[in-house]
Amino acid sequence: AQSVAQPEDQVNVAEGNPLTVKCTYSVSGNPYLFWYVQYPNRGLQFLLKYITGDNLVKGSYGFEAEFNKSQTSFHLKKPSALVSDSALYFCAVRDGTGYQKVTFGTGTKLQVIP
Amino acid sequence: DAGVIQSPRHEVTEMGQEVTLRCKPISGHNSLFWYRQTMMRGLELLIYFNNNVPIDDSGMPEDRFSAKMPNASFSTLKIQPSEPRDSAVYFCASSPSGSVHEQYFGPGTRLTVT
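The listed protein sequences correspond, in order, to chains A and B. If you're matching positions, the first sequence starts at 1 in our numbering and goes up one per residue. If you're matching positions, the second sequence starts at 115 in our numbering and goes up one per residue.
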């Protein structure tokens, strides 16, 4: 069975500071990893994904994530946080077998303080 | 493309009534997913379809819930009879077939059962 853990319910960061939202995963095969963002009263929006290749993945709005196979982690990062980045962030995983089901984490609320 | 379209955006109904939620996926996407989001349980996958065929309905909470996809451009999620504990935001998402693809979420239907 595949699973995702987002250990922090909420992350607070000052505007302009770097931010990190943590994610660890468990999957039987090769992992396909995703980050999504949800703004209030909206559906989830895709930010970035890791399928294969470079461990550092760049995505929308200046976000990036680093795949670490040995630590089974896929942390989301941004060098300089904006107030507009405040939202709910979800990590998701599926294995590479072709089975379509994706497992989402419980979400981390990011609060960027002006 | 207009993205994933869901209707209605808001639904308020009384316990015992039938509720039908509708979804139009992005044209060309072969996979369709129904999710439910609540504060208590987070984001739950209810069912997903591939090429209009239900592949995994293990997340459907009970027999009161049913989903159909009569063609590639339309899906419904029905709750009959509805109960107050069904109150949640229901999301539809679509994606091309294949594990490497991200999902595109609709705006959601906020269901309130009184």
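One or more hints might be untrue.
[As the list claims (entries may be wrong)] Which chain B residues face chain A? A few, computed with CB under 7 Å, are given here:
hint, residue
1, M154
2, N166
3, D171
4, G173
5, F179
6, V214
7, E216
8, F219
9, G220
10, P221
11, G222
Don't read these hints as lab results, they were simulated from the structure. From the three backbone atoms N, C-alpha and C, an ideal C-beta is built for every residue, glycine too.
Outcome of the hint check:
1. With its C-beta approaching chain A no nearer than about 11 Å, M154/B sits outside the 7 Å limit, and its interface hint is violated.
2. For N166/B, the interface hint is violated, the least distance from its beta-carbon to any beta-carbon of chain A being 14 Å, above 7 Å.
3. The beta carbon of D171/B comes no nearer than 11 Å to any beta carbon in chain A, farther than 7 Å, and the hint placing it at the interface is violated.
4. Annotation: interface hint on G173/B violated; nearest CB of chain A at approximately 9 Å, more than 7 Å.
5. For F179/B, the interface hint is violated, since its Cβ never comes within 7 Å of a Cβ in chain A; the closest pair sits about 17 Å apart.
6. Interface hint status for V214/B: upheld, as the beta-carbon distance to the closest one in chain A is roughly 5 Å, under 7 Å.
7. Look at E216/B: its Cβ gets to within about 4 Å of chain A, closer than 7 Å, so that hint holds up.
8. Against a cut-off of 7 Å between C-beta atoms, the interface hint on F219/B holds, since the closest Cβ of chain A lies about 3 Å away.
9. Interface hint at G220/B: satisfied, since its Cβ lies 5 Å from the closest Cβ of chain A, which is below the 7 Å cut-off.
10. Nearest Cβ of chain A to the Cβ of P221/B: about 5 Å, under the 7 Å cut. The hint holds.
11. Because the smallest distance between the Cβ of G222/B and any Cβ of chain A comes to about 5 Å, under 7 Å, the interface hint for this residue holds.
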